[in-house]
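For this one, chain A is given, so just place chain B on it according to the hints.
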Amino acid sequence: MTETYYPKNESEVSDFIFDHFNKNNPIEIAGYGSKKIGRIIQSSQTLSLKDLSGIIEYFPEELYIKVLPGTSLKEIEETLAKKNQFLGFEPNDLGYLYTGRANSGSIGGVVSCNLSGPGRFKHGALRDHVLGFKAVNGSGAKIKSGGTVVKNVTGYDLSKVISGSYGTLCAITEINLKVSPLPEFEETFMISGLNYEDAIQVFKLALDSSLEISGACYFPSENASFLTLNDVKKDTSILGLRVQGPKPSVVERIKQLKKMFSDKLISILDIYQTSIFWREIKNFEGYANEDTYVCKISLPVTNMGSFLRYFNKTNFKYFLDWAGNIAWCSLTSQEDLDQMRIFCLKHDGYLTVLRANDNFRKSEEFLTNSNSSLKILSKKLKESFDPRGILNPNTFTTRLDQVFGPVLNAEEPIR
Amino acid sequence: MSLVLPEPDLNIIDNKKDIVKDIFEITKNVISSDDEIKPYETDGLSVYRQKPIAVVLPETTEEVSKILKYCFDKKIKVVPRGAGTGLSGGSIPLADCILMGMGKFNKILETDFENRCVVAQPCVANLAITTAVQHKDFYYAPDPSSQLACSIGGNVAENSGGVHSLKYGTTTNNLMGVEMVLMDGTILKLGGKHLDSEGYDLLGLVTGSEGLLGVITEVTVRILKKPESVRAVLIGFQSIEDSGNCVADIIAKGIVPAGMEIMDKPLIIATDNFAKAGYPRDVEALLIVELDGTVSEVDTLINKVLDIAKMNKASYNRASNSDEERMRFWKGRKAAFTACGVIAPDYICMDGSIPRNKLSDVLAYISKLSKKYKLDVANCFHAGDGNLHPLIMFDSNDPVEMKKAEDFGADILKYCVKVGGVLSGEHGIGVEKRELMCEMFNDNDIQQQLNIKQAFDEKNLLNPGKVFPILHRCAEGGRMHIHKGKDKFPNLPRF
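As they're listed, the protein sequences go chains A and B. Quick note: the first sequence uses my numbering, first residue 894, plus one each step. Quick note: the second sequence uses my numbering, first residue 33, plus one each step.
Quick caveat, the hints were computed from the structure, so don't treat them as lab data. Some hints could be false.
[What the hints assert, rightly or not] Covered by chain B, per the in silico footprint, the following chain A stretches (three or more residues, Cβ under 8 Å):
#1 1074-1087
#2 1135-1141
[Stated by the list, open to error] Pairwise CB distance ranges, derived in the manner of DEER restraints:
#3 B:491 - A:1114: 51 to 61 Å
#4 B:139 - A:1159: 41 to 51 Å
#5 A:1229 - B:141: 29 to 39 Å
Note that the Cβ used here is the ideal one computed from N, Cα and C, for glycine as well.
Next up, chain A with everything else stripped away, as it sits in the complex:
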C-alpha cells in the first residue's frame, strides 16, 4: 500500500525528503499523475506536489511567470492568454494518449518531461524557457538556480538539467518560466499528395527561405485520419506549414509560399482551423483511444528519410513534425520498437517511449544509450543531487544500481 504525503510548503518537502534520506527510503514524486512516461516506480511513499499550487508572480512586460510546481498547466495558460501571452514551447497535453481526453496536468510534471510542441525547431525546447527554479534535492537540502532574466551566467545552469530529469534529481518547489507574446495572426499552408521524400524536400525549401515558418508537419495518407478537420482530406498525404505574425506579414508570406509551390496541390487553413490543426498535433489527439506504443523518434533531418525507408515494410503509423527532425510513431509490436531504438542510436538520434502498457513499464528498459561514458557520468550527476538514490528510483532502468539501462552497441547490426 502506497502512502501519499501532500506537503503545504517547501520546508515540508525538505523535512519529508530529509527524513527518507536518513531512513534510506525510496520516494515517488508525483504531480497530478497525468503522465505515464518511464517505468512504474516501486516505492511505499509518494510525495505529491499537488498542493504546492498557485501563481507567485506574473509580470507580462518582464516576459516571465513564477509558479509553484502543482499549478495546473491549464491555469497558467489561461492566465497568460488574458495578457495575450503563451508558453513558447507549446506544452503537449499527454492526457489524450492515456485517457482519451484533455488532462495536461501540473507544470512541475511538464517541466520534468521536457517535451515541446510543434514550434520547437523555431522557438526552442521547454528547457530553453525555464529561467530558474527552487527545489529540494535527494538529501533534503533546499537549492535554487537561475533567476527571472533571460541572460544569466551565474553558476551552472541547473534549469537545463532538471528539465527532462523525470523527478530523479530533485523535487521542484518553484519554477520561473519565460513567456512569449501570442502571435497576432496565423494561417497554415497545406500541400497534399506528397510522398515523404518530397515532404522533407519541401521542409528544406521552406526553412531555407526567410519566411519564418513556425510549424512544419507531414502526415502520410495512411495516417491522414489522425486529423479531424473537415477541410483536411483523409485520402491523401498532408503537409502543413504554419505562418504566424502580424496579419499583413502572414498574408504576404502565404502569398510567397503559393508562388514557391505553385506546381503542387495547395490549400490554406484559416486562423480558426489552424489553431485546431496544430492543437490536435501537439496533443497527439489522433493516437487517443488506441492500445499501442507511442514513441518519439528524434534524428537529424538527413537521417529521417533513411529511417522511413528502412521501416517501410513495418506496420506502424507516423507523422513528421519539427520540419522533419522528429517522427511521432504509433505501433503494436515491441520488437519493432526495439529495432527502431537501435536504428536511432546508430544514426545520431534517440527514441523515447511516450505510451506503453503496464507490463512494459514494469519489466522493460526506458532509457538506453550507446555510450558507456555518458552512462557513468549521468550516474555521477544523479548522485550529486540524490546521493542515496531515493528519488524516483528506477524510472529509467530495471537495474537497481544504475540510472540508465544497458548500453546498446551501435556498432552491432540490427537484428
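Below, chain B without anything else, positioned relative to chain A:
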C-alpha cells in the same frame, strides 16, 4: 594587483622540468620559457597576471585526452583557454597549472545546410561561423561584441549572448552538440545534429560552466536564414525612465524586436565624439530598436514602435531607410567600450542582469555611487534582455582609485541582485565576481554546484579557483541552511 588563487602545490612547481618533458612526449607543442609564456599570463581581465608552469597547445582530441589523463594521474591543475578575450578572468592561469591553449583547434569542420548547422573546432572565432555560411544567406545568431576575436568554444564556456538575445537566445539556445574531454581523459559526445537528447541535459549543464567541467574540442551550432528585412530606429528621451517605459510598452504590445539598446547621456556623448554616429546630443537617454522579418512586417512594426515612443514622450526619432544608415546607428553603440577607453585611462565593465522595470531605479543608484566614489560612469543596457553594462572609469596607476573602482563595481552587482537580477548576464563569474556568489546563493546552493563539479572532476583539477568563492563560505553571511541544528551534508567533501 593581488589575486587569491588556490594554494599552489610546490612539488608540482619543483617538478616543472619532468612534467614538461612528459607532456612533450604527447605533443611537441609545449611552451615553457618565460618569454613565450608571457602572452598567456592573462586574458580579457588584464589587471590580473599569473604565469603557469607551462603552456601546451594540443592539436587533436586524442592529445587533449592524453594530456588531461596525465595531469589527472599526477594531480596537476589544468586551465583551459580559447581566444583569451573573456572579461571575468576565467582563463587566468595558476602558478602550478598547465595552461591548455586551444588555439590550434581553429578549423570549421563542416557546413551542413541540409541539417542547418555548422560543426567547428572550439577556437574558430564566433564571426567566422557566419562568414562560412553567409554566401547562402545563413548566419549564426549569438553576436557578442567581441565576435571578431572571441572563440566559439569560449562562447560555450561563458554562454555568450550579444545584442539579439531576446529574440534569438544566447549560446545555449543555439548549441546542438559538443565533443568534450573530461579531466580524467574521457572523451564524450553530447547532443549532435538532432534536437534535444534523452537522459540528462548535460549539454545544457556544460554551457556556461566556465571551463570547470570539461575541455570542449568540437562544437555543433544551429544556423539561421537571414531575415528578409532589417531596420532600426533611434529614439531619444528626456529621461531614462521614459526610455525604460517605452521598452516595457513595446514588449507589452507583443512586439519582440531583434535588439533593444539604451545608452545614457555620458555614453551618448562619448560614443558620438568617438564614432561620429550622428546621435542627438540633447537627450538624456537614447534607445536603438532593431526589427527584422519580412518587409511588410518590419514596416508595420516600425510604425507601431514609433507610436509607442510618442506616447512615452520621445523627443527625437529616426528610422533607418537603408542598411548603411542602420549600421551608422549601431556604430556608436558598438564603439562604446573603445570610446570610454579614450576618455579615461582605464575602465571596468560590469555585467549584471536586472528585471527591465528596475532600470531607472538601478541607474539612479549607480549615479549615487558615482558621486560617492568620485568616479565617472557611463551606462549601456541590452534593454531587450535586461543586461546592464556600466563602464566605470578610473586610472589603474592609482592603487586607491583602482580599489575604489572595484568596490564601486561590487556595489552595483549587489544592488542588481537585490532588485531581483543576477551577477552576470554574459561575461561569467570567473575570478572577478567569485566572492560575490554569496550575494545570490547560500551554502546549500553552492554545495549542490560543487557536488556537480565533483561528478565531472573528482580531484578538482580543472580550472580551480574560478566561479566559486574561496575566501569564505557563504554561511558567513548568515544564510547557511541549518536543518534542526545539523548540516544536511556533514560528510560531503568541500573543495
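Inset, instruction - Mind listing which of the numbered hints don't hold for this structure, in increasing order? - result: none
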